[in-house]
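Given chain A, put chains B, C and D in place with the hints provided.
Residue numbers (this note's numbering), protein chains in the order written: chain A, 1 to 153; chain B, 1001 to 1202; chain C, 2001 to 2200; chain D, 3001 to 3164.
The reader is advised that the hints may include incorrect statements.
Claimed, not checked - Cross-link-like lysine-lysine pairs, in silico, DSSO-like; alpha carbons within 27 Å at most:
| hint | chain 1 | residue 1 | chain 2 | residue 2 |
| --- | --- | --- | --- | --- |
| 1 | A | 131 | A | 36 |
| 2 | D | 3101 | D | 3161 |
| 3 | B | 1134 | B | 1075 |
| 4 | B | 1073 | B | 1156 |
| 5 | D | 3046 | C | 2145 |
| 6 | B | 1073 | A | 36 |
| 7 | D | 3161 | D | 3092 |
| 8 | B | 1134 | A | 111 |
| 9 | B | 1134 | A | 131 |
| 10 | B | 1156 | B | 1134 |
| 11 | A | 111 | A | 131 |
| 12 | B | 1156 | A | 131 |
| 13 | A | 111 | B | 1156 |
| 14 | A | 36 | B | 1134 |
| 15 | A | 111 | A | 36 |
| 16 | A | 131 | B | 1075 |
| 17 | D | 3046 | C | 2189 |
Keep in mind that the hints were calculated from the coordinates and are not lab data. None of these values were measured; they are calculated from a predicted model.
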Amino acid sequence: MKSSIRPLAIIVVSTFGFLLIVSFYADKNQFELTAKEVHDRVLITDYQLDSTAFVQLTDPYLIDIRDEHHYQIGHVDGAMNIPLSRILEEHYDELFQADRPKVILAHDPVKGHEAWMLLTQLGYSQLFLLKLKEPTLEPLILHVGSGESIGGH
Amino acid sequence: MKSREILSVFILALGITGAMLPGRKNDAIALNEHELLQEMLMESNYITADELAHLLISGDPSIRLIDVRSASKFKNPLPRATNIPLDSIFEDNFLYLFDQSIYKNVIYGLEDQQATQVWVITKQLGYGNNYLLKGGLNAWRATILDPEYPAQTASKEEFDLYEQRNAAREFFTGAKAIPKVEFKPIAPIQGRKKKKVQGGCS
Amino acid sequence: MGPIIPIYEISQELNFLLAFVIGIGFGFALEQAGFSSSRKLAGMFYGYDTTVLKVFFTAAIVAMVGILFLNYFEMMDMSIVYVNEYYIDSAIIGGVIMGIGFIIGGFCPGTSVCAAAIGKLDALAYLGGSLIGIFLFGETYPLWKDIYMQNYLGGIKLSTTLGLSDGLMVLLVIVAAVVMFWVGEWAEKRFRRPDITKNL
Amino acid sequence: MNPYLAGIILGLVLLLSFYLTGRGLGASGAMKSVVVTTIESVAHTKAEESGFYAKYIDEGEHPMNNWLVFQVLGVVVGGFLSGALSGRLSIKTEHTPNITKRRRIIMAVLGGALFGFGSQFGRGCTSGAALSGMATLSLAGFVTMIAIFGTAYLFAYFFRKNWI
Chain A
1 MKSSIRPLAI
11 IVVSTFGFLL
21 IVSFYADKNQ
31 FELTAKEVHD
41 RVLITDYQLD
51 STAFVQLTDP
61 YLIDIRDEHH
71 YQIGHVDGAM
81 NIPLSRILEE
91 HYDELFQADR
101 PKVILAHDPV
111 KGHEAWMLLT
121 QLGYSQLFLL
131 KLKEPTLEPL
141 ILHVGSGESI
151 GGH
Chain B
1001 MKSREILSVF
1011 ILALGITGAM
1021 LPGRKNDAIA
1031 LNEHELLQEM
1041 LMESNYITAD
1051 ELAHLLISGD
1061 PSIRLIDVRS
1071 ASKFKNPLPR
1081 ATNIPLDSIF
1091 EDNFLYLFDQ
1101 SIYKNVIYGL
1111 EDQQATQVWV
1121 ITKQLGYGNN
1131 YLLKGGLNAW
1141 RATILDPEYP
1151 AQTASKEEFD
1161 LYEQRNAARE
1171 FFTGAKAIPK
1181 VEFKPIAPIQ
1191 GRKKKKVQGG
1201 CS
Chain C
2001 MGPIIPIYEI
2011 SQELNFLLAF
2021 VIGIGFGFAL
2031 EQAGFSSSRK
2041 LAGMFYGYDT
2051 TVLKVFFTAA
2061 IVAMVGILFL
2071 NYFEMMDMSI
2081 VYVNEYYIDS
2091 AIIGGVIMGI
2101 GFIIGGFCPG
2111 TSVCAAAIGK
2121 LDALAYLGGS
2131 LIGIFLFGET
2141 YPLWKDIYMQ
2151 NYLGGIKLST
2161 TLGLSDGLMV
2171 LLVIVAAVVM
2181 FWVGEWAEKR
2191 FRRPDITKNL
Chain D
3001 MNPYLAGIIL
3011 GLVLLLSFYL
3021 TGRGLGASGA
3031 MKSVVVTTIE
3041 SVAHTKAEES
3051 GFYAKYIDEG
3061 EHPMNNWLVF
3071 QVLGVVVGGF
3081 LSGALSGRLS
3091 IKTEHTPNIT
3101 KRRRIIMAVL
3111 GGALFGFGSQ
3121 FGRGCTSGAA
3131 LSGMATLSLA
3141 GFVTMIAIFG
3151 TAYLFAYFFR
3161 KNWI
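Okay, chain A solo, but in the shape it has when bound (with noise of 0.2 Å):
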């Protein structure tokens, strides 16, 4: 038996060594929460604003996923511009983190709730969804464009 084990161990460390290896290179999720935290998560929709909770945010950031082009055409005074297909760049990982409330921006509500959801998931925290349909929020919006509004489609 006693011969037998060093054998045995070398099997052992090699095969897990081998997988170890492979995997080493394979990707890695990120995600924080599993699809069905995400999901109890939703249920609460105390994260989607109107107008008085959103005035109420003490020092937010505003995050306008919409792509560049029509961020210049208009937005909201004070909004910074992340487009939904560059939101996961790392250089944006710092801003998420910071403890400060955090508020999406978006033009389509479907796009809006998408951000948030993936960016929920990647375990960022304190985000929250303007819903942009509010009337009240049109002073907001500073540098309006050719007919084109932030709120409302």
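Below, chains B, C and D alone, put in the same frame as chain A:
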């Protein structure tokens, strides 16, 4: 004799370590964040009310409509829609409706919110063949059931669209003849790595 | 991330080559364990040789623990892995028939292939017999069809049924196996038959 | 070889199989492929009409073109290699002094037939259903394992003459 004891202790220690590990994390054939974002940016995952009307009129048998409004609000759905409320999608008898390769599921709610939430979850879980109706039931009503007559200055295309919508309205509200309409069929998207292994030794 | 072949869509030729290589390992391990001898296999049921018990459970535990850890370190996606589908009636009836076949024939299909490879004629006969058995089942399939498809529970896990975590389930199996190993070693001494055991 | 060491090697092969292919090992599946191929070449229409064989002859896929068939071919080679290394290659029929060679062969055929029948009924044999099934903690695996070994223990008394 001694080595047997060592082996027993070793294997039990391994088992105890295993038992103390937290539950499985990578439970699903889930997409990672980049893949999920790709899906979100892919236009073919979304379907407009006009496209859906064409598909339904043409009698595409593989379309399955899934209404995600809560059961109490499940009124006046699209024809033959299945009601799967947002809060109950994780019940066993519903999940298999999303995780399949036969039907093209068109998910809709009253508006975009709930349907988007369900759609993102099914996508992240790695299920294929789930599509999102843009604008939900409200958009359906506004464009198909109550199409707006175009302004006098509108282009010919807009008038054509109106004609089509009008025809669709007659179809869905119970009228007869339908002019032939062209439609863009949606091809089922083959899941990247969703195929469960068929195995066993039988 | 494993399992490699279903995820990375490896070509069929390579897939079959891997099947062949895995088969070589399987056959080698079975033969080295002594499973090419029907008397050694049957010995487990009379207590004079419990090799089957030891090999079977050691292998199951190694694979079980391996899968558990691979899953934990996100090296393997358990949701693609095939979990045997459970049809209550057919699993039990089939198991009972196989049990009778085992004690009469002294082999199971895998070990009989292995034994036939080293020239055991009874294993070859057993292989022929199992082909006949499969043929008979195919011919009489309409008779069994209802029982065969009855009470389907899907690919469920024992841990889910008992409401335990997978890790705890593995620990329980390990404890049970260690107890069985000790009992087996004891039985081998108790029921030792020098006349048989020495030439196996 | 020490049975525990052999068990660990077998377990690692099984684990490798799961890691590479997502499925366990098997043997009876390959035998079924042989049967289906034979039936199909002898009586093609009959095979297509039968509810059982038809499942395995679809989309013009040759039934021998099966993962398990290649795996079992590997088992033959692996078993032969191991036997050659350990000097166990010899053509013989193994039986106890109490029974004749003829009786052993008859018993083997009978047992094989029962096992073959049972493996189809139970959707897998000791390797495919019990061993691979247990590795994934599947309920079917445990039930089949208990059914096989439990029954074998129950009936062991009646066949003791063959083995002791």
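Going down the list of hints, with the structure as the test:
no., hint, verdict
1, A:131 x A:36, "25 Å, holds"
2, D:3101 x D:3161, "13 Å, holds"
3, B:1134 x B:1075, "19 Å, holds"
4, B:1073 x B:1156, "39 Å, violated"
5, D:3046 x C:2145, "17 Å, holds"
6, B:1073 x A:36, "23 Å, holds"
7, D:3161 x D:3092, "20 Å, holds"
8, B:1134 x A:111, "11 Å, holds"
9, B:1134 x A:131, "17 Å, holds"
10, B:1156 x B:1134, "24 Å, holds"
11, A:111 x A:131, "12 Å, holds"
12, B:1156 x A:131, "35 Å, violated"
13, A:111 x B:1156, "31 Å, violated"
14, A:36 x B:1134, "24 Å, holds"
15, A:111 x A:36, "21 Å, holds"
16, A:131 x B:1075, "25 Å, holds"
17, D:3046 x C:2189, "55 Å, violated"
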